[in-house]
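> Here's the letter readout for the chains.
Protein chains: 4
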Amino acid sequence: MNSNMDELQQSRVRSIFDNANFVIDLGLRLTQIEDDYCETVLIPGDRHRQQHGLIHAGVLATMADHTSGCAARGAVGLESDVISVEFKINFLRPAIADRLRCRGRVLRAGKMLVVCEAEVFAEKDSEEKLVSKAMVTLAVKQLSGPSS
Amino acid sequence: MNSNMDELQQSRVRSIFDNANFVIDLGLRLTQIEDDYCETVLIPGDRHRQQHGLIHAGVLATMADHTSGCAARGAVGLESDVISVEFKINFLRPAIADRLRCRGRVLRAGKMLVVCEAEVFAEKDSEEKLVSKAMVTLAVKQLSGPSS
Amino acid sequence: MNSNMDELQQSRVRSIFDNANFVIDLGLRLTQIEDDYCETVLIPGDRHRQQHGLIHAGVLATMADHTSGCAARGAVGLESDVISVEFKINFLRPAIADRLRCRGRVLRAGKMLVVCEAEVFAEKDSEEKLVSKAMVTLAVKQLSGPSS
Amino acid sequence: MNSNMDELQQSRVRSIFDNANFVIDLGLRLTQIEDDYCETVLIPGDRHRQQHGLIHAGVLATMADHTSGCAARGAVGLESDVISVEFKINFLRPAIADRLRCRGRVLRAGKMLVVCEAEVFAEKDSEEKLVSKAMVTLAVKQLSGPSS
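Quick mapping for you: the protein sequence lines, in order, are chains C, B, F and R.
Going by the working numbering, the first residue of the first sequence is number 1, and it counts up by one from there.
Going by the working numbering, the first residue of the second sequence is number 1, and it counts up by one from there.
Going by the working numbering, the first residue of the third sequence is number 1, and it counts up by one from there.
Going by the working numbering, the first residue of the fourth sequence is number 1, and it counts up by one from there.
Isolated chain C (complex conformation) (with noise of 0.2 Å):
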């Protein structure tokens, strides 16, 4: 994986994917880490589709709230959490896909808030669309205690 970051932080992003059941059941996978910025990948599949055949709404919102708050996890520092308090997303184009790419990056971090955007690309006959995005507030939760 390709980061500028250093490694305690990035391991903090990854703790982010690495323990979050849904998203590891769901196939998401972490593919970039930087400052401010992070990138998740899915292989779509049978089991991802709504009653149209088409990706469901609520996997396109999965992978941008938590490639969002990988983003922001990145950007808080070592001693700060985030959790999510609200998003909007936008659903631009049918998702049909071999790949979708999700790219998280910050709008602004600030001490109480992180607001972050994410737009989800489909990948397919080596063709890239955006096919949904995403803005996404996040709270920061102070860390406490010597093992965290």
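No wet-lab data here; the hints were simulated from the structure.
These numbers come from a predicted model, not from an experiment.
Just so you know, nobody snuck in bad clues.
Identical copies carry no separate label here, and so any pair may be met within one copy or between two of them.
Distance condition first, Cα-Cα at most 25 Å in a straight line; then the derived DSS-like pairs of lysine-lysine: (1) K124 to K111; (2) K129 to K111; (3) K129 to K141; (4) K141 to K111.
Given chain C, work out where chains B, F and R should sit, using these hints.
Showing chains B, F and R alone in chain C's frame:
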């Protein structure tokens, strides 16, 4: 299942569940359909959790989106289907629950767009708390052909 | 003005109106305050219109945001103030009205964040229609010093 | 005004400004139009403020909505008009500015819906800061008759 809706329309709403792999896999169950209203239930398990042991935002978002879709589907009539355009969801409290219940209702059903709201309640120790609230915009799609 | 709220807290909520040039200039009036609830009224005129003669989305958004702010301000106590973090608003019907009435209520008041919803109703020919609905997230700010 | 757009289409976008009382009254000015892009400027004054002396959220929201509407109007062609369905806006920093500049761009222009994003920048002491970001969904309306 309790409903005043006629049987054919009910079966259309149910088919949104029966043919949607992602929500079947998630464990979401349809418990009530009325005109302009839909209710679903999910029993949270370890696989629905994020890194802090709470229910993942993506699970709550999927419930809100899909339940809204069913409420909207019930409102648009037999000749039409609906698809999510966008939604916004707020996470109001940590979702700790024996059972999650989502209530979706139609705020406005137009010819081209339907707007719904969905509330997710956490049931624990016979208490019910509002943990998330969403607003969902859906586009109406005309179905065509004899088989639809 | 009808209210169960104590007078000091009421005066704090009213001050959000009396000191906010933009909403005074807009013509927004505070008509009711309760714990967790606020109601405002605006008489639309030509200056509130957009290019099609309808009331501008920005007028409805300002009503929803400011009324939510007052409902939130009433909920956080004397030692705290609130500021908008974000909001989302849906425009459900064309706003044609003799009078617009906005009802804002608190969905969740936490220590750091308050989440409200606000509904805007168009009153015309003694009928009332829901024309917009918003969800608003506000941050709580501690006030300090004797003069605040 | 700098633009690559043809003159007739430009005049359509300008008419969204020239005929919208609320934004004229607000002081919003159109400074640039391109295909899929629009830029506006507002010089904030005392009348745009809220109770803490900051620019009111409703002013920023109106800028974001209207500028998005112009970007969308430029994208849909001469035979169509647009109307706001919903938007979501985040307030990232206190808006303290000599001048506000809003940049709206089209993320996706479909036959029925256009989705835009709009960023509002505060210019002060020759520095520019992102103070708000919005996502706006608009419906496409077919114009009819020879005069439109």
